[in-house]
Amino acid sequence: MLDRSNWLILILAVTVAAIGGYAGHRRHAPAPDGSAWLGRPLPALALPDPAGKLHRLTDYHGRRVLLNFWASWCGPCLEEMPALVRAQTQFARDGALVVGIAMDEPARVRAFLAAHRLNYPVLLGRLKTPDSSAALGDSGGVLPYSVLVDADGRVLATHAGALSAAQLEQWLAPSADAR
Amino acid sequence: MPSLFSGRMAKRSAALVLLLGGLLGMLPVFAQGTDSLLSVTDAYKLTADATQPGVLKLHWTIAPDYYLYRGRMKFKGGAGVTLGQAQLPDGEKHHDEYLGDVETYHHAVDASIPYTVATGTARLTLSVQYQGCHEVDPKICYPPHTEQLDLPLPANAGAAAANAPGNALGAALDRLGSNANGAATDQDTAPLPAEQAFRFEALAQNPHRLLLRWTMPKGYYLYRDQTTLKLRDAAGLTLKPAWPAGTARHDEHYGDVTVYFDQLELPVALEGDLGGRRSLQLEASFQGCQDGGLCYPLMTRSVAIDLGDGTKTSTSAPSTPSSAPVGEGEGEGPLQASLMAALLLALGGGLVLNLMPCVLPVLSIKAVSVLESGETRATARRHALFYTGGVLSSFAVLGMGILALRSAGHALGWGTQLQQPLVVGLLALVMLAVGLSMSGVVQFGASLSNTGAGLATRSGAAGDFFTGVLAVVVASPCTAPFMGSALAYAFAAPMLSALLVFLALGLGLALPFLAVGFVPALARLLPRPGRWMETLKQILAFPMYLTAAWLAWVLANQRGADAVGLLLVAMVLLAMTLWWFERSRSHGITSKLAVAVLAIATLAPVYLLAQVTPPARSATAEEGVVAYSPAKLAELRAANTPVFVDMTADWCVTCKANEHTVLDTQTFRDLLRRTGAVYMKGDWTDVNPTISAFLQQYHSPGVPLYVVFPKHGGPGRQLSTVLTSSIVERALTEAAR
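Just so you know, the protein sequences line up as chains A and B, in that order.
Numbering-wise (this note's numbering), the first sequence opens with residue 7 and increments by one.
Numbering-wise (this note's numbering), the second sequence opens with residue 52 and increments by one.
Hints were generated in silico from the structure; no laboratory data involved.
Heads up, some of the hints might be wrong.
[To be verified] Within a straight-line C-alpha distance of at most 20 Å, the following computed SDA-like cross-link-like pairs (lysine to any residue) qualify:
#1 A:K134 / B:Q199
#2 B:K190 / A:A163
#3 B:K96 / B:H157
#4 B:K190 / A:S170
#5 A:K134 / B:P195
#6 B:K127 / B:D188
#7 A:K134 / A:A113
#8 A:K134 / B:Q180
#9 A:K134 / B:E198
Small disclaimer: the values here were computed from a predicted structure and weren't measured.
Bound conformation, chain A alone (with noise of 0.2 Å):
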């Protein structure tokens, strides 16, 4: 057998592992989970805007676009709105695009959008299961998210929050794959 120090060695390293490994993987569930959709193209999405017009998600094919879900009761997605429309405004030109997605009522929404002027389209999401919001790895549709998709409709990256000026510059700045 083991003399005693070796035991010692073994039951002491084997009980702070579990406890490390225990402290470490407290998550509580649902923490949305977009990362299950890092690299694969976006679903074919087809949202209506507050007109009534359909758009397919592929329109915006050739540009960085920016995926922000969002309503008008969420008082975090209305704080990083000023934000948003400045980053439209500055990365516009090389081609980024800022999409809102409304997940809210389409009266609520139209009320909203006649207050306030935004410089980026905005789509009324799909309100029932599955919801827009969910398909995109939001699986306890918390607001504000954003998803980032690439020129050829694949999924960079996703977060849930508000984005700082510093992430949006990262997201939205100029890279290899603008046109």
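Using the hints, position chain B against chain A.
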């Protein structure tokens, strides 16, 4: 004891400190929070309290750093429920740049909602919608979340008519009307005759413990304090009822009382000298009412209770067939045995348990070591005693554990630890380790240099003790024929008796080795030790591997291929750990550290195994087999179909054996067709509260449980845990009569 700081130890201590330092250094990596957002129901925990008539109280427990919006709370009553204005406390007010003036709640919030229900509404149903956000990074908001609540109505609210809500006079008039003779209220159901509304049964669990049961349909209740129990011609005997909690109620007639709805099971202790009596005459007087309807005058029922073998139903109740269970003369059936009989059954059960496929592999290790230790009688006795000690302690701990958890409300039985895939995985690894030890890959217990020196060392004794523990651990999924009733008794009996039953089981299990250790004649029958022992030990490793394979198969059924993959990886790593462990015996500290690393690596897949989620159970439509559900069972019985209910589990070896010999055969299928019976199967492989409730109803300690329900109503008949085709044939033909 060597000081920790002398010479070589100092080097080892240094290595130890280094290792610890390295591992602790890794902790911060783990401690970094990755996004740890709670699910919406975890962030805002909603509880409801409907005990006060007319007012529903809601409480949200809000996790730290989360908040709810006052203005986003919506309440909607369900069918027959009208909600009044919800009372919400003032929240923290602030002006949001975009949302305007908002009020938010942190930590907790209480709301009360007045309501009225239309007559005939059975339950308080409503939907509650709330919406909230996360205060710190990542700052997100949850979409509005709706919860459907379905709550029982408090006692007095039942018959309140849907007059103008909040009309106090109207409500008071309604309550008066409801306690009068039922004419004023719109009751959908006319009151039943007393015989049907209050069914009374009594049986003797043992000669000093009676169980009285009242069964009432929904809406009828019984007054605790108006119940009197008397024994006829029984001087010297006293009855001590142990009344359960019941529902508190303010009654117009009796004041503050305790009543019982649906079903009351009343254990009554019988004290005094029975004087050889085989039966007792019990007279019970009780009073009850229909909620919102009429009250019944005092009812008196007389029952003859047979102390020998149990149940008789009330003589004045509608006749029901005797619920004496079928047994093959083994006295199988719940709550039948007195303590002595239970102990004997337990002893027998433990003995037979030695032959069960679960225990046989462990038995083989023990057999080999017993043979190896054939030197002196004293050592043989010592080994037998330590083994028995291990077995007895484990049985006691296991039994007490199950009893404690059952009294705390968990539905557990014998073998239920195998419902946890982690336990199954760990057991499989244990089996593998033991198998490898027997194949010679690794040596546990005495090291190679000690085998010759006699096994009277401390490590030898500890080894025997732990072999005993292992035997019990491995035996738990199996239920031997006699064990069933002994366990059923143990689960219904007081603590001390239960403990004795478990110890008797342990004694039975250890009996063969005790016998060999203490009876020299038997020991002489054992073959002489020799080289053949080594071969035998290696051959016996294979049943251990088979057991590991069986457990892997159980795991596959519980959690699917991914789980089995993880288990196989863990097994490979374990084999590597053990192999290296053996090699590192003579090497330095680095090899030993490598063993530690490998051991940790083995734990990783095991941990992941525990995280695998159960697959969505697709109803495997076996031909002609119906999955168990209480609703379906009631439906079939109402349609006058005999039903054969089989509660089984993948890890239950007895169940599988019965299926193989009886239930999966063409004869059985023909029998079902002939009798027009339906075969209903309940799968208890995973935790399943519906099935646990059914098992508890029949006082069954675990699976298998076979109950046959006859064609024309009447209680189900429980069959013995080991089936033969004749038992099944007899039971089904009787049920179809």
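Hint check results:
Of the pairs offered as hints, the one joining K134 (chain A) and Q199 (chain B) holds, with about 18 Å between alpha carbons and a cut-off of 20 Å not exceeded. Restraint check for K190 (chain B) and A163 (chain A): satisfied, since their Cα atoms lie roughly 18 Å apart, inside the 20 Å limit. With a CA separation close to 12 Å, the supplied pair K96 (chain B) and H157 (chain B) stays within the 20 Å bound. Restraint check: the Cα-Cα separation between K190 (chain B) and S170 (chain A) comes to about 11 Å, which is no more than 20 Å; the hinted pair holds.
Between K134 (chain A) and P195 (chain B), the direct Cα distance comes to roughly 13 Å. Compliance with the 20 Å bound is thereby established for this hinted pair. In summary, the hint linking K127 (chain B) to D188 (chain B) is not supported, as the alpha carbons are separated by about 33 Å, beyond the 20 Å threshold. Proposed proximity of K134 (chain A) and A113 (chain A) is supported: the alpha carbons are some 16 Å apart, at most 20 Å. A C-alpha spacing of about 16 Å is found between K134 (chain A) and Q180 (chain B), which places the hinted pair at or below 20 Å, so the restraint holds.
Note on K134 (chain A) and E198 (chain B): the hinted pairing holds, with a Cα-Cα distance of about 16 Å set against a maximum of 20 Å.
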